[in-house]
Amino acid sequence: MTIDIKAATRSFLAQTEEHLVSYLEACVHCGQCADACLFYRTSGDPRHTPAYKLFPLARAYRQQKWPLNWFACKITEGDLLEWEDLIFDTCTMCGRCTEVCPMGIDIASIVGQARKAWADAGLGPRDLMAAAENSRDHGSPLGLTQEKLVDRVEWLADDDEVDMPLDKPGAEVMLTVSSIEAMKYPKSLSAMAKILNHAGVNWTFSTHGYESTNFGFLAGRSDIAATMLGRIVDAAEQAGVKTVVIPECGHAYGVMRWSGANILGRPLPFEVLHITEYIARLKREGKLKLKPYADPFTYHDPCQVSRRGGAAADARYILDGFATGFKEMTPTAELNWCCGGGGGVQAMERAADLRHKAFKIKIDQVEATGTGRLVSACANCRLTMDESKTYWNWGGALESLVEIVADHLEDV
Amino acid sequence: MSLLDFARGPAITVALAVFCLGVLWRLISLLGLPRAKDRSMRRAGASSDFANAIGGFVRHLWVPKGIGLTSRFAMINGYVFHLGLAVIVFGFAQHILFLRGLFGVGWPGLPTSIITLAGVVTLASLIAALVRRATNPVLKLISTFNDYFSWLVTTLPVLTGLLAVAHLGGPYETLLALHILSVAALLIWFPFGKLMHAVLVFVTRAETGISYGRRGVKI
Chain A
1465 MTIDIKAATR
1475 SFLAQTEEHL
1485 VSYLEACVHC
1495 GQCADACLFY
1505 RTSGDPRHTP
1515 AYKLFPLARA
1525 YRQQKWPLNW
1535 FACKITEGDL
1545 LEWEDLIFDT
1555 CTMCGRCTEV
1565 CPMGIDIASI
1575 VGQARKAWAD
1585 AGLGPRDLMA
1595 AAENSRDHGS
1605 PLGLTQEKLV
1615 DRVEWLADDD
1625 EVDMPLDKPG
1635 AEVMLTVSSI
1645 EAMKYPKSLS
1655 AMAKILNHAG
1665 VNWTFSTHGY
1675 ESTNFGFLAG
1685 RSDIAATMLG
1695 RIVDAAEQAG
1705 VKTVVIPECG
1715 HAYGVMRWSG
1725 ANILGRPLPF
1735 EVLHITEYIA
1745 RLKREGKLKL
1755 KPYADPFTYH
1765 DPCQVSRRGG
1775 AAADARYILD
1785 GFATGFKEMT
1795 PTAELNWCCG
1805 GGGGVQAMER
1815 AADLRHKAFK
1825 IKIDQVEATG
1835 TGRLVSACAN
1845 CRLTMDESKT
1855 YWNWGGALES
1865 LVEIVADHLE
1875 DV
Chain B
987 MSLLDFARGP
997 AITVALAVFC
1007 LGVLWRLISL
1017 LGLPRAKDRS
1027 MRRAGASSDF
1037 ANAIGGFVRH
1047 LWVPKGIGLT
1057 SRFAMINGYV
1067 FHLGLAVIVF
1077 GFAQHILFLR
1087 GLFGVGWPGL
1097 PTSIITLAGV
1107 VTLASLIAAL
1117 VRRATNPVLK
1127 LISTFNDYFS
1137 WLVTTLPVLT
1147 GLLAVAHLGG
1157 PYETLLALHI
1167 LSVAALLIWF
1177 PFGKLMHAVL
1187 VFVTRAETGI
1197 SYGRRGVKI
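Protein chains in written order, with our numbering: chain A, 1465 to 1876; chain B, 987 to 1205.
Please note that the accuracy of each hint is not assured.
What the hints assert, rightly or not - Pair ranges (Cβ atoms, derived): (1) B/Asp1035 - A/Asp1828: 35 to 41 Å; (2) A/Cys1537 - B/Gly1087: 25 to 31 Å; (3) B/Ala1184 - A/Asp1828: 34 to 40 Å; (4) A/Glu1636 - B/Pro1123: 54 to 60 Å; (5) A/Glu1597 - B/Lys1126: 37 to 43 Å.
If you're looking for bench data, these hints aren't it; they were derived computationally from the structure. Backbone N, C-alpha and C define an ideal beta-carbon position, used for all residues, glycine too.
Please put together the full structure from these sequences, using the hints given.
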């Protein structure tokens, strides 16, 4: 394998935007971020300290900036190899470290940028890179081709007796899918359809832009990130929809809602809402009639929806007055712990052992609530938690917020 | 020219010039970098950028409740030596005289006994910070020359200042000269090392406050 150190350095140095450089220059090496990180808390390995993950980028930056370069050493192939697992396997870009950083450094965004350099050098976990390339070549990381989407949707519509329009002309809302849902939790798709139909929304799926997970972004492959975004944006523009709804997937929401316009270099001509934001809106507009739900459960915040997305309150608004058995875990909302599988870590086989171990934090959070049932609004979290649940042989239940809502719609 | 004359004269003058020009250069070269426009649609009802910048600064003054274990000791100790340094620099009568010479404004000083106490506490706090840095496995790994050297040039003025006030370890004039020279070292190092965080903290906290604030996140 050849490692293109020059490409990596070029990629590092291309990212000299003001905020990024300020972050790199400001770290005081206080180490407070370590305890905020689920991987450090699990492993106790000082290498997993979030601040340490910034070292290669900071080094690359210093070696070209006068007068800091008087004291700088060069970035090497060895550095790239040594830091690869820190930039990919042990960072879910959950952003929890930023909460405790006395300088307020957004480490997650720097890791996201740093991944580009590894990808440019020809490095990065093979399975994550393959997931990105599959997305580009086959429409989805998990083999959800156009044909398969049509198959799935027709099967679900038939099985669950729910209208699931595909490429419907004149729709106002375009619903996207996460292939994790489509392939592993397909009922999530029909659940979304039931809710939108119940509220009388004029919506559609599109066969031209459906996959909202963006493994190009997670793998540091900017080209694939733009391709994946472009498919949805083009489909939405052609259909003339006002709103694009992202399903239960945290990173899909983060990429489309907060990075999409920046990656494509133009404002998106439609609004982007996470499914929990959209359901909350329907409830606010009085279009959602729910039967009471009393089972005890607690809610896991997907990091990209709550801490890095700003939509923590919407999930609570949906549950308010409807789910009487809902009990918050501690810490919660923006301070919640990550599931361990965000940032593409879910797709990295070699990262599985540590992320399973890290899930103990979540188990303890749930156990402390006494509810025994963990509900989330992210299929990636759900899959991660499902696998880690098996690893720990944990008896708790896992469910999806959207499916619970769909199961408790009043007949209209 | 005596050592004291050198310290009071060319040394501190050059140090002040390096400090001012250095900080200015670091800031200009930083803030002059390209800044990508955020094209994402602001969350409806998000606070203004100004309010978010202030919020970002204030919220990072303390670790939020509920985040879980972090080192309370490190946080409190950090405040102790930062506030201690501020009391010494801006509260000691001789320092105020020096600052008045520079800026033309002065204010009443604190009693020397209080300054001495602040000096001792600050020194102890700085030593505790160093011991933690040198022994905690996380800090050991992430510490570089910059961290230790910055510690040194921060601690030396406190130590030499205390010695000069107490007339300990040598003739007063020599102690005072060493004290001023140690301050000169601090000023010269400031723009090149991590002491710049004293300026950058306003930039980074505000930027994080702004970028998350527009998403509707209070981080």
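Hint check results:
A hinted range of 35 to 41 Å for the beta carbons of B/Asp1035 and A/Asp1828 is consistent with their spacing of about 38 Å. Distance hint check: the CB atoms of A/Cys1537 and B/Gly1087 are about 41 Å apart, inconsistent with the given range 25 to 31 Å. One distance hint, 34 to 40 Å for the beta-carbon pair B/Ala1184 and A/Asp1828, holds here, with the actual separation near 39 Å. Restraint check, A/Glu1636 to B/Pro1123: a C-beta distance of roughly 56 Å satisfies the suggested window 54 to 60 Å.
In this structure the supplied range 37 to 43 Å holds for A/Glu1597 paired with B/Lys1126, their Cβ-Cβ distance being about 40 Å.
Consistency with the previously given hints fails for number 2 only.
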